[in-house]
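Chain order of the listed sequences is L and Y.
Residue numbering for the first sequence follows the numbering used here, starting at 1 and increasing by one per position.
Residue numbering for the second sequence follows the numbering used here, starting at 302 and increasing by one per position.
Hints are computed from structural coordinates only; laboratory data are not their basis.
Virtual Cβ for every residue (Gly too), placed ideally from N, Cα, C.
Do not take every clue at face value.
[As the list claims (entries may be wrong)] Derived DSS-like pairs: lysine-lysine, alpha-carbon spacing no greater than 25 Å straight-line:
(1) LYS587/Y x LYS559/Y
(2) LYS77/L x LYS559/Y
(3) LYS77/L x LYS16/L
(4) LYS91/L x LYS77/L
(5) LYS587/Y x LYS77/L
(6) LYS91/L x LYS16/L
[As the list claims (entries may be wrong)] Label pairs and their in silico Cβ distance ranges:
(7) GLY486/Y x ASP80/L: 40 to 46 Å
(8) VAL589/Y x GLY211/L: 49 to 55 Å
(9) LEU572/Y x GLU153/L: 41 to 47 Å
(10) GLY33/L x ASN497/Y: 42 to 48 Å
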Amino acid sequence: MKNFDLSVNIAGVTWKNPVTTASGTFSGQYTTGFYDPSLLGAVTTKGVAPLPWEGNPTPRIAETYGGMLNSVGLENKGVDDYITGELRALKDLGATVICNVCGHSVDEYLEVVSKLDGTDVDMLELNISCPNISCGGIGFGTDANLAAELVREVRKLTRKPLIVKLTPNVTDISAIARSVEEAGADAISLINTLLGMRIDLRTGQPVLANGTGGLSGPAVKPVAVRMVYQVSRAVSLPVIGMGGIMTGADALEFLLAGARAVAVGTAALINPVAPIDILSELTELLHDEQTLELLRRNYEH
Amino acid sequence: MRNNYRIISNREVSEGVFEMKVDAPLLVDAVLPGQFVNVYLPREDLLLPRPISICDSDMENEVLTLVYAVVGEGTLELSRLIGYGEEPTVDGVFLEIFGPHGNGFFYDNSYGPRDEVLLIGGGLGVAPLLFAARVLADGHFVADMPKKISAYLGFPAEPWYLREFEAFGVHVHAISDTIPLASSGGRVGTVVDLLNTEFDTRGLSSEAGTCALTCGPQPMMKTVASWCEELSIPLRASLEARMGCGYGACVGCSIEVKADENADGTGAGLLRRKVCVDGPVFPAEKIVW
Ligand SMILES: Cc1cc2nc3c(=O)[nH]c(=O)nc-3n(C[C@H](O)[C@H](O)[C@H](O)COP(=O)(O)OP(=O)(O)OC[C@H]3O[C@@H](n4cnc5c(N)ncnc54)[C@H](O)[C@@H]3O)c2cc1C
Ligand SMILES: Cc1cc2nc3c(=O)[nH]c(=O)nc-3n(C[C@H](O)[C@H](O)[C@H](O)COP(=O)(O)O)c2cc1C
Ligand code: FES
Chain L
1 MKNFDLSVNI
11 AGVTWKNPVT
21 TASGTFSGQY
31 TTGFYDPSLL
41 GAVTTKGVAP
51 LPWEGNPTPR
61 IAETYGGMLN
71 SVGLENKGVD
81 DYITGELRAL
91 KDLGATVICN
101 VCGHSVDEYL
111 EVVSKLDGTD
121 VDMLELNISC
131 PNISCGGIGF
141 GTDANLAAEL
151 VREVRKLTRK
161 PLIVKLTPNV
171 TDISAIARSV
181 EEAGADAISL
191 INTLLGMRID
201 LRTGQPVLAN
211 GTGGLSGPAV
221 KPVAVRMVYQ
231 VSRAVSLPVI
241 GMGGIMTGAD
251 ALEFLLAGAR
261 AVAVGTAALI
271 NPVAPIDILS
281 ELTELLHDEQ
291 TLELLRRNYE
301 H
Chain Y
302 MRNNYRIISN
312 REVSEGVFEM
322 KVDAPLLVDA
332 VLPGQFVNVY
342 LPREDLLLPR
352 PISICDSDME
362 NEVLTLVYAV
372 VGEGTLELSR
382 LIGYGEEPTV
392 DGVFLEIFGP
402 HGNGFFYDNS
412 YGPRDEVLLI
422 GGGLGVAPLL
432 FAARVLADGH
442 FVADMPKKIS
452 AYLGFPAEPW
462 YLREFEAFGV
472 HVHAISDTIP
482 LASSGGRVGT
492 VVDLLNTEFD
502 TRGLSSEAGT
512 CALTCGPQPM
522 MKTVASWCEE
532 LSIPLRASLE
542 ARMGCGYGAC
552 VGCSIEVKAD
562 ENADGTGAGL
572 LRRKVCVDGP
582 VFPAEKIVW
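Work out the full structure, taking the sequences as your base and the hints as a guide.
Below, the structure written as structure tokens:
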């Protein structure tokens with residue numbers, strides 16, 4: 001197979017290929033036992049907050065038809081532990097690292113960002129889209145004004161490339177995308193999970209202890225593709241597409257919809273090396289002249 | 302390790318309980334008692350792997366045994382797969398397995414006092430104890446073999462695998478919730494009922510060099526834990542949790558455990574641990590029941 005350049009530029013950062021991991025499905029400690037994280041364009045780590053978060057009660061995971069619900073609720077060990085632990089380890093392995101940032105309030109986001117600004121993390125991904133925490137998170141992602149204000153505040157604090165991760169749980173995704181673009185975001189990633197629920201037929205109660213959870217996996221892919229298509233036409237920022245990518249063909253579909261790169265989430269929970277497998281399948285597909293021509297035509301738009 | 306393994310047999314050993322044997326040359330040397338594997342289902346809409354404990358690993362014949370109960374769609378699907386040993390025309394039914402995962406019962410290469418090991422199991426929790434019995438009996442993994450292995454096993458209905466335990470020289474005591482068994486003196490009841498009589502008649506205690514391993518429903522293990530605590534018998538318990546990945550990435554299986562106390566008695570708070578990688582086996586005194 002001839003070697004060809006798959007690299008992409010996302011907000012000034014060169015990724016050697018257009019594949020990253022979706023936040024919350026990659027562990028610097030455990031996933032790295034299965035592959036070298038520097039093989040991917042970038043790796044995106046789980047959401048970090050200023051202080052450790054407990055997360056939600058269990059059960060936190062439920063399977064649904066072709067998908068899964070999670071209500072992990074951003075359990076994390078806090079930004080200080082992240083900087084000395086997971087980030088250090090991943091940078092030492094030569095990975096391009098995107099840190100997913102979360103908070104309950106503007107101040108909490110700012111605290112995390114100011115700490116990360118002094119590190120060698122490559123990019124920040126503002127998670128304004130987690131459906132599993134009661135305040136903050138998705139609260140910012142469903143209101144175009146709040147989202148823009150948060151992005152403006154963060155922008156003042158850091159020159160690190162800033163990706164804003166959007167929630168699909170809105171009526172008009174393009175409006176939110178435009179407002180974070182105006183506020184100074186460098187890239188947009190989407191989609192986070194769709195708010196869902198599963199009821200246990202024996203108990204009549206929700207399966208998840210939290211009641212609701214975020215739906216991910218192949219079941220959400222058509223929604224994700226549609227939103228990537230809309231957003232990539234609404235803004236001029238690079239878009240990182242995700243939601244149900246299981247194969248190289250799925251990844252290609254997102255690229256054709258307008259994404260510059262893709263992230264693999266649920267597939268990696270099922271198979272830890274899925275991002276690598278998907279990258280090689282995608283590479284194979286991109287060797288086809290006709291496919292490349294389609295992509296080129298899309299970029300020219 | 303994620304691989305396809307040929308199914309040898311898949312048979313019902315008791316109502317709704319199936320034993321599946323697979324040819325697993327790559328796995329048999331790699332697994333430890335109390336570890337589990339992720340089992341993938343052929344039906345693609347059943348997205349997540351099912352965590353199933355390793356019931357036995359026969360290194361000589363390179364056969365791995367899993368025992369599972371049909372409780373939902375995934376395990377129903379599993380029960381429909383046919384092994385080549387049963388149907389000569391079938392030669393290629395494979396099961397996709399990823400593992401082993403977790404720490405296992407002998408996570409620190411030991412198991413406590415060596416005079417007598419009690420294996421206390423309820424329902425499907427009986428399964429991983431068989432592999433523990435094998436390893437304790439053949440001295441393959443634990444250099445120091447216990448003098449005696451006793452199993453206290455509870456079943457909802459017809460018991461299964463009693464002979465398999467006996468084959469490893471285990472003293473087996475079984476009881477059923479519904480069927481009077483000879484080995485429990487014709488009584489019906491639970492494992493805890495069995496243990497209570499045993500306590501009266503044998504006077505089990507830590508001084509006698511006893512330790513215990515348990516796996517089963519949470520309420521049963523909780524009672525076993527307080528029983529063992531009273532007698533100061535060191536106990537290790539295998540926990541269950543809903544899992545997303547089984548290898549530490551999703552934080553779906555997180556639980557709270559008690560932290561170690563500092564020498565001055567401080568610091569004994571709660572810590573978060575992942576059942577899939579930090580467990581599934583925990584020392585009973587660390588578990589928040
Ligand atoms: C470490 C560990 C070891 C286990 N070992 C065994 C074993 O040796 N034999 C056995 O029969 N069962 C075992 N279980 C339980 C087994 O995983 C579930 O019974 C099985 O996943 C049910 O799948 P299903 O599709 O039939 O049920 P469904 O209810 O249709 O499953 C839906 C989803 O819920 C999950 N789920 C349902 N019940 C459980 C449960 N009790 N624990 C964890 N996840 C569950 C499934 O994995 C699936 O993702 C073990 C569980 C764990 C965590
Ligand atoms: C278990 C789990 C945990 C997640 N945690 C986070 C998180 O911490 N931050 C975040 O922005 N998204 C999180 N997500 C969302 C994913 O990054 C991704 O946006 C979503 O799952 C869609 O992609 P997929 O279908 O490929 O999984 C999580 C998803 C799952 C399944
Ligand atoms: S099941 Fe995913 S971290 Fe334990």
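Cross-check of the supplied hints:
| no. | hint | verdict |
| --- | --- | --- |
| 1 | LYS587/Y x LYS559/Y | holds, 5 Å |
| 2 | LYS77/L x LYS559/Y | holds, 17 Å |
| 3 | LYS77/L x LYS16/L | violated, 30 Å |
| 4 | LYS91/L x LYS77/L | holds, 19 Å |
| 5 | LYS587/Y x LYS77/L | holds, 20 Å |
| 6 | LYS91/L x LYS16/L | holds, 15 Å |
| 7 | GLY486/Y x ASP80/L: 40 to 46 Å | violated, 60 Å |
| 8 | VAL589/Y x GLY211/L: 49 to 55 Å | violated, 23 Å |
| 9 | LEU572/Y x GLU153/L: 41 to 47 Å | violated, 34 Å |
| 10 | GLY33/L x ASN497/Y: 42 to 48 Å | holds, 44 Å |
When the structure is compared with the earlier hints, violations turn up for hints 3, 7, 8, 9 and for no others.
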